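With chain L's structure known, arrange chain S on it following the hints.
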Amino acid sequence: MGIQAWTYTLVFLSFALYIGIAIRSRAKSTSDFYVAGNDVSPLANGMATAADWMSAASFISMAGLISFMGRDGSVYLLGWTGGYVLLALLLAPYLRKFGKFTVPDFVGERYYSQAARLVAVVCAIFISFTYVAGQMRGVGVVFSRFLEVDITVGVIIGMAIVFFYAVIGGMKGITYTQVAQYCVLIFAYMVPAIFISILLTGNVIPQFGFGSSLADGSGTYLLDKLDQLNRDLGFHAYTSGTKGTLDVFCITAALMVGTAGLPHVIIRFFTVRKVRDARLSAGYALLFIAILYTTAPAVAAFARTNFINTIHNTPYSEAPQWFKNWQKTGLLDWEDKNSDGVMQYFGDTGEQSASQQNEITVDRDIIVLANPEIAKLPNWVIALVAAGGLAAALSTAAGLLLVISTSISHDLLKKVLMPKITERQELLYARLAAGAAVIIAGYFGINPPGFVAQVVAFAFGLAASSFFPIIILGIFYKRMNKEGAIAGMVTGILFTASYIIYFKFINPTANNSENWLFGISPEGIGSLGMLINVTVALLVSKVTPAPPEEIQKMIEDIRIPGSASETV
Amino acid sequence: MDTSRLKAYWRMNLTYVGILLIIWFTVSYGFSILFVNQLDQVRFAGFKLGFWFAQQGSIYVFVLLIFVYVFLMNRLDRKFGVAEKQGDR
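Listed in order, the protein sequences are those of chains L and S. The first sequence begins at 1 in our numbering and counts up one residue at a time. The second sequence begins at 569 in our numbering and counts up one residue at a time.
Chain L extracted, bound-state conformation (with noise of 0.2 Å):
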């Protein structure tokens, strides 16, 4: 069979598995829509956190962006990562005891005010909202390459799936349908990164195969090797760094609190059976994740040794069919500007002669994708890409609607605007507010808005900055106030917002080193926004009035698994 075959039977096969789940799992009550009725097992709810979390940037573009950044990509690694240890030690277990439905539910409760509810509500639509229309975009990219048709039409297929688990099954069909995406997507990452972790360096197990010697009987190690071909061709040598340390630490700080802020992550606490399912879900979530986490950084030094080897000096009649498929999306381009009919690839880096001039350019979003094309794997293998960069982009998707919907439905109707609609209505409404979410998701997936990629950085800084510090202060400091915290959200996000939106909209040529505060780049910023708020609310909170007592009481409640009365 031709790719093309065998990229429309897996994700129709695929696609078939998701909706079966979907019908299977229907939500008979708002507390399975919102929660899956607390009654997910923590190795199910390990899985389904794990694609939840797992976007389509994890999968297609994390590797590319390492492959092309080496050792300065670790910032995504540790970030994306380390923020689990955050999430299990400090929010998970006191979140899950909390035990109500969304985040901006703890927020208003914990601090005993509609104002805050509101600010958390807004932040939850927001972050999600920018962080869904990057799925969507995924979602489409993916169908127009693998499956021919138009993006658009990519992104109409993909809200559509998405559009039946999430409205039908809320958090329940979510969460099934995610466990069915983990297992499918990190199939598709492993197979391939295998493949050519034994093509390059004999090793099966690519973490291994990472820090061995190459398998072309030279007995140069793979890393020395690619540092020595960044070094010829005028790159920085791979495994060094050219960022600032300082900028490096707090983009890796913004990123881990971003990630253990971040709202479609939380709920997911929410729908284990007890406390201590939540603490053993977590380290199932990060262990599923480390898979892949582990892996793409082992995949992005084999494609970037590919792709050298098999661009750089190759004559253009010579170059593989592969290389001209992507040519045609305009992802990967040659201009031979010495006329010699050869590619030659080079950095800036290097002294420049007339000989020395780059010739490719390359978007780092197709090495994943077009990876196992370069190490020339079966075509079953490259189909097999396409359905797991599908599954990553939906499984996000789904989780970040379904807080979309909570937030309108839950706190917004329910807790504010319209106290007395019953429970059916609120499902109702629920189902209805997530299927405007999709609608509109979709709309962002097919017009993108040119700043998608900018944007992102924002939704991990607006987390940093506003959730985590609020709710950590909320769990581990009784005497913290609800003047406090809302003065600290508020100066927290305005801050990180304001340098954001000066750098990256209002003045983007002054967006370097030498213009930004203590050398700190916007996609760093969200660390400093986040000290600022712990600052604030501490100060507001000492000068004003302590939490009820009733407050106080839940705190001291929320801190122990059992029931307080229970364990005399």
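No lab work stands behind these hints, which were simulated from the structure alone. Predicted model only: the values in this text are computed from it and were never measured. Just so you know, not all the hints are guaranteed correct.
[Unchecked claim] With a Cα cut of at most 30 Å, we get these calculated DSSO-like pairs of lysine-lysine:
| id | chain 1 | residue 1 | chain 2 | residue 2 |
| --- | --- | --- | --- | --- |
| 1 | L | K478 | L | K100 |
| 2 | S | K575 | L | K553 |
| 3 | L | K553 | L | K420 |
| 4 | S | K575 | L | K100 |
| 5 | S | K653 | L | K478 |
| 6 | S | K653 | L | K553 |
| 7 | S | K653 | L | K420 |
| 8 | L | K100 | L | K420 |
| 9 | L | K97 | L | K478 |
| 10 | S | K575 | L | K97 |
| 11 | S | K647 | L | K100 |
| 12 | L | K504 | L | K243 |
| 13 | L | K97 | S | K653 |
| 14 | L | K324 | L | K376 |
| 15 | L | K337 | L | K376 |
| 16 | L | K542 | L | K100 |
| 17 | L | K100 | S | K653 |
| 18 | S | K575 | S | K647 |
| 19 | L | K553 | L | K100 |
| 20 | S | K575 | L | K478 |
| 21 | L | K504 | L | K97 |
| 22 | L | K100 | L | K28 |
| 23 | L | K478 | S | K647 |
| 24 | L | K28 | S | K653 |
| 25 | S | K575 | L | K542 |
| 26 | S | K647 | L | K97 |
| 27 | L | K553 | L | K542 |
| 28 | L | K100 | L | K415 |
Just chain S now, with coordinates in the frame of chain L:
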């Protein structure tokens, strides 16, 4: 449960979390970012040590830390009798 035992439970919890987070900080921010160039002088297999921590080692340690936390907290819950009962929601 009387407040002194509750306080003791919470203090132990904070101690565990504190120690685990120090390890978390050391491998990620310490080994992988602040002292990465110094550690890179050490090599094992084809890796420079700092680079390995930044792209592999830290992640393994993170996973381990959560499972150690789960083990410690379950033991602590039993010791203080605050674990959830069967069927307790």
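Here is how each hint holds up against the structure:
1. K478/L - K100/L: holds (19 Å)
2. K575/S - K553/L: holds (13 Å)
3. K553/L - K420/L: Answer holds: K553/L to K420/L is near 28 Å, not above 30 Å.
4. K575/S - K100/L: At roughly 25 Å apart (the allowed maximum being 30 Å), K100/L and K575/S satisfy the hint.
5. K653/S - K478/L: Holds, at about 26 Å.
6. K653/S - K553/L: Answer holds: K653/S to K553/L is near 21 Å, not above 30 Å.
7. K653/S - K420/L: violated (35 Å)
8. K100/L - K420/L: holds (19 Å)
9. K97/L - K478/L: Roughly 16 Å separates the two Cα atoms, so the pair holds.
10. K575/S - K97/L: holds (18 Å)
11. K647/S - K100/L: Holds - the C-alpha atoms of K100/L and K647/S are around 28 Å apart, at most 30 Å.
12. K504/L - K243/L: holds (19 Å)
13. K97/L - K653/S: Holds, because 13 Å separates the two Cα atoms, which is no more than 30 Å.
14. K324/L - K376/L: Satisfied, since the Cα-Cα distance of roughly 14 Å is no more than 30 Å.
15. K337/L - K376/L: holds (28 Å)
16. K542/L - K100/L: holds (28 Å)
17. K100/L - K653/S: holds (20 Å)
18. K575/S - K647/S: Between K575/S and K647/S the Cα gap is close to 14 Å, so the pair holds against 30 Å.
19. K553/L - K100/L: Distance ~17 Å between K553/L and K100/L Cα, so the pair holds.
20. K575/S - K478/L: With a Cα-Cα distance of about 13 Å, the restraint between K575/S and K478/L holds, given a limit of 30 Å.
21. K504/L - K97/L: violated (40 Å)
22. K100/L - K28/L: holds (18 Å)
23. K478/L - K647/S: holds (25 Å)
24. K28/L - K653/S: holds (27 Å)
25. K575/S - K542/L: Given that 30 Å is the threshold and the Cα spacing comes to 23 Å, the pair holds.
26. K647/S - K97/L: holds (19 Å)
27. K553/L - K542/L: holds (20 Å)
28. K100/L - K415/L: holds (12 Å)
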